[in-house]
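For the record, the sequence lines run as chains A and B.
Quick note, the first sequence lines up with residues -5 to 96 if you use the numbering used here.
Quick note, the second sequence lines up with residues 529 to 694 if you use the numbering used here.
If you're looking for bench data, these hints aren't it; they were derived computationally from the structure.
Keep in mind it's a predicted model, so treat the numbers as computed, not measured.
One should not assume that every hint holds.
To be verified - Here are the simulated distance ranges between beta carbons:
1. B:Ser530 - A:Gln84: 48 to 58 Å
2. A:Asn82 - B:Val632: 24 to 34 Å
3. B:Phe624 - A:Asn82: 27 to 37 Å
4. B:Ile635 - A:Val64: 22 to 32 Å
5. B:Asp660 - A:Lys95: 47 to 57 Å
6. B:Pro621 - A:Trp96: 39 to 49 Å
7. A:Trp96 - B:Val575: 48 to 58 Å
8. A:Asp89 - B:Met603: 19 to 29 Å
9. B:Lys649 - A:Arg78: 45 to 55 Å
Cβ coordinates follow ideal geometry from the N, Cα and C atoms, glycine included.
Given next are the chains, with one letter for each unit.
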Amino acid sequence: MIPINHFLVLSTILFSIGMYGVLSRRNAVLILMSVELMLQAVSINFITFAAYLDPSNATGVIFAVFVIVVAAAEVGLALAMILRFYRNKQTANVDDADMMKW
Amino acid sequence: MSNEEIIFYFVAAATVLGALGVVFARNVVHSALFLILSLISVAGVFVLLASEFLAIVQILVYGGAVTILILFAMMLTRVRDTEGAKMNGPQAPIAFLAAVTFMVTSIVAITTTHFPGESEKINVIDVNSIGDKLFTTYAAPFEIASLVLMVALIGAIILARGEEGE
């Protein structure tokens, strides 16, 4: 059988790659995709603990369902904001979002 | 090495490959396609964890809706592949260092921890108990999740609609 560490290490690797993507990419849609990667890693972690440690209590799976729901809502709203921003500045680069700087 | 471990390594390799492709690809559309690969592979991981319901939900919601949304947004905010548009910011090496530090620290913490009550095999969480919990213990978050979706829908329509007279 698969030991629990395998899933947790996979979740950590996915989270770190997503974190690097959020911190280093300049396009707003690419940052959003990296945030999706991080949410996937969190879901894997929750379901792993639910399956291995406490299967009578399905809390981990339900939490993963709610992560999917909130992530879908967040993607819709974030993309609407990116579209609005693109309409003003003709670019999706987050470096150009400096209108509120002093 | 049992059969499940071989399948797990295969699925995990596809996931990590997709994630690396999202972060390191030159073309933004290639990044979106690598994201689809990663999301489908995560659904495979969910199947390995004996929660098939969540795997199907993952494929439907993420692979079906979220990636289509992202591709549409990429089409509407078309980044010209110009020479001046840099892909990564100047803080990319520091971000790499931070990500690697976090990963190494977490992996060390994971492999040296003995989780209490850990059983050696994956227990199946059947859909009956998920549905039962969702309507009894977690009924309030369930309703609030529907409110969240409604607010997101209304907000997205208002934000993307455009000014008056357009």
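Evaluation of the provided hints:
1. B:Ser530 - A:Gln84: 48 to 58 Å: holds (55 Å)
2. A:Asn82 - B:Val632: 24 to 34 Å: With Cβ atoms ~41 Å apart, the hint is violated.
3. B:Phe624 - A:Asn82: 27 to 37 Å: At roughly 32 Å between Cβ atoms, Asn82 (chain A) and Phe624 (chain B) fall inside 27 to 37 Å, so the hint holds.
4. B:Ile635 - A:Val64: 22 to 32 Å: holds (27 Å)
5. B:Asp660 - A:Lys95: 47 to 57 Å: At roughly 52 Å between Cβ atoms, Lys95 (chain A) and Asp660 (chain B) fall inside 47 to 57 Å, so the hint holds.
6. B:Pro621 - A:Trp96: 39 to 49 Å: violated (28 Å)
7. A:Trp96 - B:Val575: 48 to 58 Å: holds (52 Å)
8. A:Asp89 - B:Met603: 19 to 29 Å: Because 22 Å falls inside the window, the suggested range holds.
9. B:Lys649 - A:Arg78: 45 to 55 Å: holds (50 Å)
Checked against the numbered hints given earlier, the structure breaks hints 2 and 6 and satisfies all the rest.
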